[in-house]
Amino acid sequence: MAEDEEEVRIARIIACFAPGSAGAPQTVARMAREMQAELLGLFIEDVELLRFAGMPFAAEVGFPSAARRAMDVGLLERQMRAQARALEEALAAILGPAPEGWRFRVERATPSQAVSAALAEGYAPALLIPPRGDPRAARRVVRKPELSDELLRELLRAVRPVLVLPQ
Amino acid sequence: MNAPLPADALRRRCDPAQFRFTTTAELEGLEAALGQSRAQGAIEFGVGMRREGYNLFAMGPEGIGRRTLVRRHLEAQAKSLPLPSDWCYVFNFKVPHKPRALQLPAGQADAFRASMERLVEDLRASIPAAFETDEYRNRRQQIEAEFGERQEQALGDLGERARKQGIALIRTPTGFGFGPMKGDTVMEPEDFRKLPDKEKERLEALVAELQEELARVLHDLPRWRRETMNKMRELNREVTRAAVNSTLEEEKARYRALPEIQEYLAEVQEDIQENAEAFRASKEGEPVTLFGVPMGRAEAPEATFRRYGVNVLIEHGDASGAPIVFEDNPTHDALVGRIEHLSQMGALVTDFTLIKAGALHRANGGYLVLDCLKLLGQPFAWDALKRALRSREIRTQSLGQELSLISTVSLEPEPIPLEVKVVLVGQRLLYYLLHAYDPEFAALFKVAVDFEEDMPRGPENDLAYARLLAALVKKEALRPLDRAAVARVIEQSSREAADAGKLAVSMQALGDLLREADYWAAQEKRAAIAAADVQRAVDAQEARLGRVRERVLENVLRGTQLVDTAGERAGQVNGLAVAQLGGHAFGMPQRITARVRLGSGGVVDIERESELGGPIHSKGVLILSGYLAGRYALGRPLSLSASLVFEQNYGGIEGDSASSAELYALLSALARAPVKQSLAVTGSVNQHGDIQAIGGVNEKIEGFFDLCRARGLTGTQGVVIPRANVQHLMLREDVVAAAKEGRFAVHAVATVDEGVELLTGVPAAEVHARVEARLAEFADQARAFAAGAGARPWQKTKKK
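The listed protein sequences correspond, in order, to chains A and B. Position 137 of the first sequence, counting from 1, maps to 137 under the numbering used here, and the rest follow consecutively. Count along the second sequence starting at 1, add 1000, and that's the number in the numbering used here.
Keep in mind that the hints were calculated from the coordinates and are not lab data. Model, not experiment: these values are computed from the prediction. Think of the CB as a built atom: it goes at the ideal place given N, C-alpha and C, for glycine as much as any other residue. Hints may be right or wrong, so weigh each one.
What the hints assert, rightly or not - Derived CB-CB ranges, DEER-like:
hint: 1; chain 1: A; residue 1: Ala93; chain 2: B; residue 2: Thr1133; range: 35 to 45 angstroms
hint: 2; chain 1: B; residue 1: Glu1227; chain 2: A; residue 2: Ala109; range: 52 to 62 angstroms
hint: 3; chain 1: B; residue 1: Thr1133; chain 2: A; residue 2: Gly101; range: 38 to 48 angstroms
hint: 4; chain 1: A; residue 1: Ala93; chain 2: B; residue 2: Leu1348; range: 21 to 31 angstroms
hint: 5; chain 1: A; residue 1: Ala137; chain 2: B; residue 2: Glu1227; range: 39 to 49 angstroms
hint: 6; chain 1: A; residue 1: Ala124; chain 2: B; residue 2: Arg1306; range: 51 to 61 angstroms
hint: 7; chain 1: A; residue 1: Ala22; chain 2: B; residue 2: Glu1227; range: 18 to 28 angstroms
hint: 8; chain 1: B; residue 1: Glu1302; chain 2: A; residue 2: Ala137; range: 23 to 33 angstroms
hint: 9; chain 1: A; residue 1: Thr27; chain 2: B; residue 2: Met1345; range: 53 to 63 angstroms
hint: 10; chain 1: A; residue 1: Pro166; chain 2: B; residue 2: Gln1141; range: 29 to 39 angstroms
Kindly generate the complete structure, drawing on both the sequences and the hints.
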């Protein structure tokens, strides 16, 4: 894994959004415009979360309140749809209607699967912004061949954006 | 028979020949206040006496030169006194609503304000710079990472323990959950349902246990966050302290000799460290946050910086000596200062920078001169002044606060110690009223500066007066006066003083006369003011104000108002009254008549009965009864009923100067002795028949003279005045000339007997005998009526 960022022209920004995480749609939209990069807004409906929510005893412990609440799949899906719609609108408000230079997609998969699929579409180098990431924070630099599923999962849990270089 | 007064007794002349100068330009101007040695001594004492309560009250009529004399003395004294301290208000970091007063040596307040402004500017640059160093950034990241790691570690450990038991830790939209695993992923719900019940129960119990554990971990999170924030604050404080200390130490060194400033700067230092975030965020306009939470800043940065400002209340930078303040509009706020407000979002807000100085602040350490009448006319201003003098401190409070009308939180600025000498300038009446009705007045204004209205006249004072005129014309850039003009001004001054032996010292009237005489001299293209110019100025003043006088005279001449100046008539006398209108006085004759008949001994004053006579006039008439009873009816009851009236008087009458005229009318009526209508009378009388002095003698004589001249002077006309008033005679030149030519006479009398002889031409003894006989006749008639009818027929009997 490379730690130093090189001066590269970013072809695509993959901004990941997760259920319940507000993300920074305005910031990534502006970054995309500044960098003249294609933006992919990727809302990931985590399948593991949906499976968990479908359990008969499913309950969550609030963070940081520690309050316990029962989970409901129907409610979770409605929330996710509403959140995805709001995110798309927020991006459109800055970038104009898709697909001129940007796209928004909802993927039902694990986060690593959804991102791997997006990375496989080309557009290298790409800037990957994790669901709970800070778009303006210092970036990590990773070369695509080094990007294992385990590393990708770790990167998606972190805050720093990741610059994925082709080689 | 009483001879008329000689013409030279009617006007005391000032001989120009006594002066050796040609014009006043040759004289050295006299700056000292003439005839005010008493007031001058009092001012010197009061100004020099630096003890509590020795404030001054300069009393006397307007235009006498009170302010000028006070100013002159204060200026002389103030020069020798040191410059008082500067005063500032600054923020009180301990009790924000009580701004702190700081005292600085004279002339240093502005520099202190500027240095505090500079300090804030410097810190706005140096504090953000200190937070942009690599050292700070690394230490901050370290603290943040520590927290993140601790949190991740706790959650990671729990997740790992759960995984080992076949349970996955899943992030939900608003927290975490635990789900049973199948392989590396969360089990499908369908698969779970297919599990044996026992296994399901085991997994559910395990999940419940893990949830408990997660809740415990999450309960620790806020504490960890607090610990991290405290570390961050301590780091910030450390960085700020280094930046602030280096800047503030310079300031502290500059004010080493002033412990109060040192103390204040230490508080500033502490406060800046507490509010460093304001300095950090101010330039960028973004708040400083930790994990997205603002770092304890409730107010806008500019509001924070205002608190380090300095409100210079009083600065004596370019002054010398003690201040002398003349406050022309002594309202409550103008005296003690005010707290202004700004409108923000519809609410009125204030702070220590909006405290404004009052006259007491400006005069602190020196002198404050106030007009007493204006002061008393302003609501609560007098109370505020007394409170400040009594407590010896200036407490700036709005009236609303003082009167408890406003209950909202406002400022209570720290009081400022007061060391001031107050000079009140006012009329005598105000001094005596305050002395009588305000118990605090005597303790606070111990020095009465009583200004004279006149001064004795004599060769020495005439020359001093000429020098005073020289100073005045020089000051006002007027033409000099030749010596005849000086003599004429002196005579006019005597006339103003209503006393041939005095000179009026009213600077205002004198200034007016000189300015107007200068105008007329300019009209005549003269280089110096001549006596004719002075006379013209006097005549012009008279003419401008003469409308009413002329209308009154016209009424008499046309017979609308009946006043005879020839012939004789019993029970009728020409009295003389003075009207005072708009500062102009003029005399007018007034017919007084008396009727007598048998009665119960009373003299009825028709003026009093009709409520047109004032109390002094009524007193004069009552004295007549005393005179009659004491002079004629010692052995028998006074069986007289007499009525006295000022004919055609519709506007009220006051004073006792006509009481002698009323007595002459009464005696004439009783003695059936006709009175000469060619004479007019003035003077009051006492119970013994002595004629007493009255006021306005000159105007009264001139009033009757004007009427006689208009009808034609016959040589028999004249005025009878009290002998005590001869010293007051300063009559017009035309009156004096007529007297000299024998066409008009002024007689001075000391007793009723002298007067009655003059008026009736009958010896006084005979008049008295006739009166005595008439009264005896009345008494006999009364007795006869009483014996015959058993009752007094002239008295109404009550019907039962």
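Structure-based check of all given hints:
no.	hint	result
1	A:Ala93 to B:Thr1133: 35 to 45 angstroms	holds, 38 angstroms
2	B:Glu1227 to A:Ala109: 52 to 62 angstroms	violated, 39 angstroms
3	B:Thr1133 to A:Gly101: 38 to 48 angstroms	holds, 40 angstroms
4	A:Ala93 to B:Leu1348: 21 to 31 angstroms	violated, 40 angstroms
5	A:Ala137 to B:Glu1227: 39 to 49 angstroms	violated, 23 angstroms
6	A:Ala124 to B:Arg1306: 51 to 61 angstroms	holds, 55 angstroms
7	A:Ala22 to B:Glu1227: 18 to 28 angstroms	holds, 26 angstroms
8	B:Glu1302 to A:Ala137: 23 to 33 angstroms	holds, 31 angstroms
9	A:Thr27 to B:Met1345: 53 to 63 angstroms	violated, 31 angstroms
10	A:Pro166 to B:Gln1141: 29 to 39 angstroms	holds, 30 angstroms
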